[in-house]
Amino acid sequence: MMKEILSGNEAIARGAFEAGCLVASGYPGTPSTEILENTVQYADIDSSWAPNEKVALEVAIGASFGGARALCTMKHVGVNVAADPLFTLSYTGVNGGLVLIAADDPGMHSSQNEQDSRNYAKAAKIPMLEPADSEECKEFTRLAFEMSEQYDTPVIVRTGTRISHSKSVVEFGERITTLPIPKLVKNAAKLVMLPGNARVRHPLVEARMLKLSEDGVTMPINKIDIRNKKIGIITSGVCYNYLREVLPEASTLKLGMVHPLPYDLISKFADQVDQLYVLEELDPFIEEQVKGMGIAVRGKDLFSLCGELTPGIIHDAFYRTGLFPDLKSPFENAASDTKLPQRPPNMCPGCPHRGVFYALNKLKAYVTGDIGCYTLGFLPPLSAMDTCVCMGASIGMATGVTKVVSDEEKKKVVAVIGDSTFLHTGINGLMDMVYNQSPATVVILDNRITAMTGRQDNPASGFTLMDSPTVAIDFPMLCKSIGVKNIRVVNPFDLDETERVLNEEMNRSETSVIITNKPCVLVKREGVFQKEPPYTVSEEKCTGCRACLKIGCPAIEWRTSKDDVKKGKAHIDALLCTGCDVCRQLCKFEAIGGVN
Amino acid sequence: MSADQITNILLVGVGGQGIVLASEILSETCMLAGFDVKKNEVHGMSQRGGSVVSHVRYGKEVFSPIVPEGEGDILFGFELMETCRALSYLKPQGSVIANDLQIPPPSVLMGKELYPQNLSEIIKSHSADYILVDGQGLAMKAGNVKAANTVLLGAVSKKMNIEEDYWLKAIEKMVPSKAVDVNKSAFLLGRGI
Ligand SMILES: Cc1ncc(C[n+]2csc(CCOP(=O)(O)OP(=O)(O)O)c2C)c(N)n1
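Read top to bottom, the protein sequences are chains S and U.
Count along the first sequence starting at 1, add 22, and that's the number in the working numbering.
Count along the second sequence starting at 1, add 21, and that's the number in the working numbering.
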């Protein structure tokens, strides 16, 4: 069979394909996004982006009830959004297998929190598998579909940043072709969760979880390897692979199923080793249950509840116990004395968000923010975002703030939200704002795409994940139908217009919505973004006043003549400049202009 | 210990420089040569012009996808300051192959700080085996500035005990067909340094 180097996400897509999956639905979110971007290559799978994770899961539920195997993907915080259907899906169970991928982000490489998804498996009473590399991503996804049907339950596969984005060798298998053909089958007692029916289902859920825990004892994915009997470590996922290199002699119980735990297997392992440890990132999920069994175990007394674990951190923690004389002393980081300028992420040259934040900063607005590339508007020199909690929160927070502050301060409150985020969970917030008559201003930064997560289409882009043309949401019309009376569309590259319109709407004592109309520079589809010829700075006219540096464009460089940072002139990198014209408007000396 | 037989490589630079493709060619080469290989890099925020670190590890059997600090055999830098930032990953006997390129970070662009001028000295003080490559210049010679990464890859390949053929096969597989020839000659130019 063919072998390829695949990322965890590519391998999950492959696993779904081999499992005969027919429908894949999700919402982008790092580190889960590339799963659906890879199911798309398999014509047999209907892959689609939903506007949010709740809808994505509901689509997968429908497909499962219709008899198909269905995959649903999201990042860890997406599960919060999908939690409502998820908890009751646990009661209905499935028809075709349903697998939910929850991608955690320990260390918060690109997330607003580092919640541990295993708690969802426990709270919703759903089995959860945790692969340790790409090969397991593929195999566990296949297995999850089988288990889903065998135990009549959704199955969650938990990945993390280091699993989803690591690549390793995967061996390909064939796609299953013997699954039943989907069709409508009525089964109200199982699928209509009214109290009477749900009361019947709940005991079945509890029985299922007990059975899974018992069966987990003999599942090949839960595996004891006895090496040195002095040390026994229960672990799962990427930590298992770190451990194999840090303490290759330690005995291990590697859990492929992290919920429910195979209690009898854990007892058996504990009996065979002298000192038992649990190695797990984030919460003491396994440790607390082992302690609950009355077994002595160490875990979070050695490892932090915060951040990701690395081979280095694991090594140092075991070293510090003094119980592992073979471990060499912790690595001394001699190179870290050198202080280097930081390199934070930045909005791209030509990004249409930049001008809006420049204006908001100038107007001293109180900006309730949201999540997307525009969250970078928080960073200097734009420094124009005051809150950021979760997707869609900007609008509700703006309504809330205007309920409590003085009339003068109310005028400063502006919610800023991207197109994808507005469609995700912003619309409900806007309904509330209009319904309950908040005077706040909402800016929808419509760049036609879900940029932050890597340019995914959304219901306003006019194309589907499978690249077919479709209806594009009309934002002004949508806002109008909700009841917004003041709707303005602005060109965010026109700084005067943007500032003037913002100022007018902020001063209005009614809800208003301002929509920007320029596309993301990263959109590849023809006819959406057009690069203009690059601008240049006239050396004679540039006085070195630094006004153009206030927008933080990566294409503009402060060139110092000697070693004095303070004296210099602006220079535009012709390769990076998109000709958006914003810097020209800031130059009082007409030193910046288009070519010729 | 199995970790002893593993070669650890770090590819570092700035988001948008093509580090991911280079690390993909590297991993593919290792697999074709019959090794087990794992690699990791974090996508997401860092791709908006932030620092990028890609880890590649190969050997008989590789468990962890990330290189522990202080264990890197080869530090492959696409940009000078980022090369310097990643020095803590390097073993005392490790090699550094760095592109002679400076990309100013936001604070330098905005005139708040100067781009550090003593980077090569710092790198030298950490590694006796340091090669600075004019990636862009050599790529121009090969026929396309955009092939700078492949020139660098050629220079790195000399530090790895893998036959030339596997490298060329990996390039053929990973690079778009019309760019294969340019990239092959870029690779050989780098390998000849
Ligand atoms: C519940 C949830 N799902 C997904 C994400 C990941 N995520 C962060 S920002 C974003 C979308 C940003 O798109 P948009 O609002 O259009 O702004 P842009 O990045 O294009 O400026 C997504 C999907 C998240 N943080 N939370």
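I should point out that these hints are in silico values taken from the structure, not numbers from a laboratory.
Since this is a predicted model, take the numbers as computed values, not measurements.
Just so it is clear, CB atoms sit at the ideal spot from N, CA and C, and this is done for glycine as well.
It is possible that part of the hints are untrue.
In silico EDC-like links for lysine to aspartate or glutamate, alpha-carbon gap of 16 Å or less [said to hold, decoys possible]:
no.	chain 1	residue 1	chain 2	residue 2
1	S	K361	U	D186
2	S	K384	S	D518
3	S	K384	S	D348
4	S	K434	S	D348
5	U	K190	S	E26
6	S	K361	U	E184
Examples of chain S residues toward chain U, derived with CB under 7 Å [stated by the list, open to error]:
no.	residue
7	I27
8	P242
9	I243
10	N368
11	S583
12	K589
Mind checking the CB of N368(S) against every CB in chain U and telling me if the closest is under 7 Å?
At 5 Å from the nearest chain U Cβ, N368(S) passes the 7 Å test, so the hint holds.
For the pair we were handed, K361(S) and E184(U), check the Cα-Cα distance against 16 Å.
39 Å, violated
Under the criterion of a CB-CB separation shorter than 7 Å, is K589(S) in contact with chain U as hinted?
9 Å, violated
For the pair supplied as a hint, K384(S) and D348(S), is the alpha-carbon distance within the 16 Å limit?
61 Å, violated
With chain U as the partner, please determine if S583(S) meets the hint condition of a C-beta pair closer than 7 Å.
12 Å, violated
Satisfaction of hint between E26(S) and K190(U), Cα-Cα up to 16 Å:
14 Å, holds
Interface hint compliance - I27(S) to chain U, C-beta minimum distance less than 7 Å
Cβ of I27(S) sits 5 Å from chain U, so the hint holds.
Has the given pair, K384(S) with D518(S), been kept, meaning a C-alpha gap of at most 16 Å?
Cα-Cα ~11 Å, so holds.
Regarding the hint that P242(S) lies at the interface with chain U, is the smallest CB-CB distance below 7 Å?
P242(S) check fails; min Cβ-Cβ to chain U is 19 Å, beyond 7 Å.
Taking only the CA atoms, is the gap from K434(S) to D348(S) under or equal to 16 Å?
Distance of about 62 Å is beyond 16 Å: violated.
Does D186(U) lie within 16 Å of K361(S) when you go C-alpha to C-alpha?
Not satisfied, since the Cα-Cα distance of roughly 41 Å exceeds 16 Å.
I243(S) as chain U interface residue, shortest Cβ-Cβ below 7 Å
Status violated, d = 17 Å.
In this structure, the hints that do not hold are numbers 1, 3, 4, 6, 8, 9, 11, 12, in rising order.
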